[in-house]
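Asker: Sequence:
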Amino acid sequence: MPPMAAAGPTEFKGFQLAPFQRRAAAALDTGSNVLVAAPTGAGKTLVAEYAIHLALMKGRRALYTAPIKALSNQKFRDFRDDPAIGDAGLMTGDITLQPASQVLVMTTEILRNTLTEDPQKLADVGVVVFDEVHYMDDPERGSVWEETLLFLPQEVVIVALSATIANLGQFAAWLERVRDRKIVVVEETKRPVPLKHLLYHPKAGIFPPSRLKQVRARFVKASKDRSMKKRDDGPLLDALIEDGDLPALYFCFSRRLCERKALKAAGWFDLLKPEETKRVKTLWEEAKVEFGFDDSRGTMGELKNMTLRGVAAHHAGMLPLHKEMVERLFTRGLLKLLFTTETFALGINMPARAVVFDSLTKFDGVDFDYMRTRDYLQMAGRAGRLGMDESGLVYSVLEYEDVVEAPIHRIQSGQVEPVISRFDLDYATLVHLHGLAGNEGAAQAWERSFAAFQAREHSKQREEQNRRRMRGLIERRYRFLDAMGYVAGDREVKARGRTCLHLYGYEIQLTELLYEGVFEDADPPSLCGLIAAVIHESRRREEFWRNALRPMRGLLRRAKEAVDYAIDAERSAGLEASLKPIDEAMAPAIFEYANGREFEELARFTNAAPGDFVRVARMTVQYLRHLRKVAQLGGQEGLVGRLTEAVDCIYRGPVDVRAELRLGADDLPE
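Heads up: the sequence shown at position 424 corresponds to 1025 in this note's numbering, and the numbers run straight through without jumps.
Careful: at least some of the hints might be erroneous.
Claimed, not checked - Computed cross-link-like contacts, DSSO-like style, restricted to lysine-lysine with a CA-CA straight-line distance of at most 30 Å:
1. 1181 x 1230
2. 882 x 670
3. 659 x 670
4. 783 x 722
5. 865 x 882
6. 797 x 822
7. 862 x 905
8. 905 x 865
9. 783 x 614
10. 963 x 791
11. 862 x 830
12. 879 x 905
13. 889 x 862
14. 659 x 722
15. 830 x 963
16. 670 x 905
17. 889 x 865
18. 814 x 963
Said to hold, decoys possible - Pair ranges (Cβ atoms, derived):
19. 778 x 970: 32 to 38 Å
20. 992 x 1146: 49 to 55 Å
21. 632 x 1234: 35 to 41 Å
22. 660 x 1142: 51 to 57 Å
23. 778 x 1091: 26 to 32 Å
24. 970 x 1057: 28 to 34 Å
25. 1204 x 1061: 55 to 61 Å
26. 1066 x 771: 16 to 22 Å
The set of hints was computed from the structure by calculation and includes no laboratory data. Remember, it's a predicted structure, so these values are computed and weren't measured experimentally. Glycine included, C-beta positions come from ideal geometry on N, C-alpha and C.
Could you put together the complete structure from these sequences and hints?
Answerer: Here is the structure:
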């Protein structure tokens, strides 16, 4: 492919580029960093692919980071199938595949960990794409994104892709300062397919937001009418079907609700034409050959029966293979009604004719509240298929209280929320910075953070308050690390500290178990169960069979003592306890599976969703591998052997990610 014109190409990969894509490409041609903010489905990914193309032309590698593994897996498959790339690798917590590839897809956590452990691995990287960079606002994981942007070598070009945010200029100004390179902001507000917002209540039918005031007045007068409080979305689904407004994504904020609604809809409707039903059957037969599953009974049979009626559910608690089948059928237009959680909207390119919100309230980690505008638009943006629909239809199902008091105008068309810094250095990063520059290194990192930048722009008083607060927090955390024997003196990193740098999460808990000898007497299945207890965090109403823990009871008691000691040391250092305590809820199922129990039998040991078991099992494999590396560095050959056996006894069946990624026999993960 010839070099692109300085003014920006008009075409790339057979696509006519939109003006915003041309502006971004022109900026990349001059070596600038680029921040692209555009609505869902506008075509941001093509800018990323252009940046990758430029890097490959210069003989440099390209990294693509994403916030969720599902999106990472999808991008890996896309790049591997792209004849212009082909040489693609993948690094997530689940799998490491061809890490020396020219284009490497990875989770942001792994990129940050690489910067901490061995930055020389990035010496030949020319560009890093941060997909969904507004994820920096995530309370739990946002700090990882910020740290990565801070610590990445300055010579690496940054391509940041974002949904529309209110403080785009502020974010760009900070990026330009910390990256020490010109950044070009490309903002596109126009949607390729405009959205049409509609509201629904069974007593008012489908109506536009412009009629809300009238409907609200009528509802207030009828406040004592109990029938106004009844919920019934059946007429809405009937209208969607009758008007030909399918396929539709129906967003629910509960996994169980997704499943219940999908089962009910599959009992009500048959949405496929005869030729479509034949295609669904063919796809199932092809998948049976490819993956070797049985769809004549069990959950796979139930899913098949639903999809033969054009209906399905999709959420994180499902088995990966179930999600794979749903996604394949949806992308081929063979699912007309898909009940799903919000993760389906995050980056995965699967648009529909219509989107339905089951509710405008969602759990924000503390309480139920009305949705943020940004979250609403991210999900609503899946409505409208380019080249197929004149507009995307977005329906919100309202409760009586929503009609009367919901901030509907703010949710649908208000100011999109700003990105707020979540900067909060974890213990491993603090140990790393102590070795580089002493305790002052962490304070210097905060001074360069987006948190400090935002406080500085607000007022001198706010800046000084934040500086004192952060320095006090850093000082207390180093007091904890010193007391626990991880760091000492000016820049000394002790053995425990060096170990924790190789563990990438739960580093204090795992280091303490290692140094307190808890792993010494554990056989491979017990190692699996023990790691699961370290990393798992129970969901509400999660139950497990406690008798199954008898073989591990002593081991878990010693692990709990070691972790509780560290938690008490946090409090003694003046900190709120942040270390996750031992959680046994998934340990019985993981232990039994590692002992050879079949996957289908695990319901006896846990009531957790199958997809949650797989996620924890894969994370267990990840941390077993991290520990094996630490044991190899320490010359603990016996532990290395048992950790290797532990990986082998759990990395099978649905836990093995290779089938999900459609890997061949030659694609052996590391």
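Asker: Next, verify each hint and record whether it holds.
Answerer: Hint by hint, here is what the structure shows:
1. 1181 x 1230: Satisfied, since the Cα-Cα distance of roughly 23 Å is no more than 30 Å.
2. 882 x 670: holds, 29 Å
3. 659 x 670: holds, 29 Å
4. 783 x 722: holds, 25 Å
5. 865 x 882: Status holds; Cα separation ~21 Å.
6. 797 x 822: holds, 29 Å
7. 862 x 905: holds, 16 Å
8. 905 x 865: holds, 15 Å
9. 783 x 614: The given pair, whose Cα atoms are some 27 Å apart, holds under the 30 Å limit.
10. 963 x 791: holds, 27 Å
11. 862 x 830: Holds, at about 19 Å.
12. 879 x 905: It holds: about 13 Å lies between the C-alpha atoms, which stays within 30 Å.
13. 889 x 862: holds, 27 Å
14. 659 x 722: holds, 18 Å
15. 830 x 963: Distance of about 19 Å is within 30 Å: holds.
16. 670 x 905: This hinted pair holds, its Cα atoms lying about 25 Å apart.
17. 889 x 865: This hinted pair holds, its Cα atoms lying about 26 Å apart.
18. 814 x 963: holds, 24 Å
19. 778 x 970: 32 to 38 Å: holds, 34 Å
20. 992 x 1146: 49 to 55 Å: holds, 52 Å
21. 632 x 1234: 35 to 41 Å: holds, 39 Å
22. 660 x 1142: 51 to 57 Å: 54 Å Cβ-Cβ, so the 51 to 57 Å window holds.
23. 778 x 1091: 26 to 32 Å: holds, 29 Å
24. 970 x 1057: 28 to 34 Å: holds, 30 Å
25. 1204 x 1061: 55 to 61 Å: About 60 Å separates the Cβ atoms of residue 1204 and residue 1061, which means 55 to 61 Å holds.
26. 1066 x 771: 16 to 22 Å: Holds, at about 19 Å.
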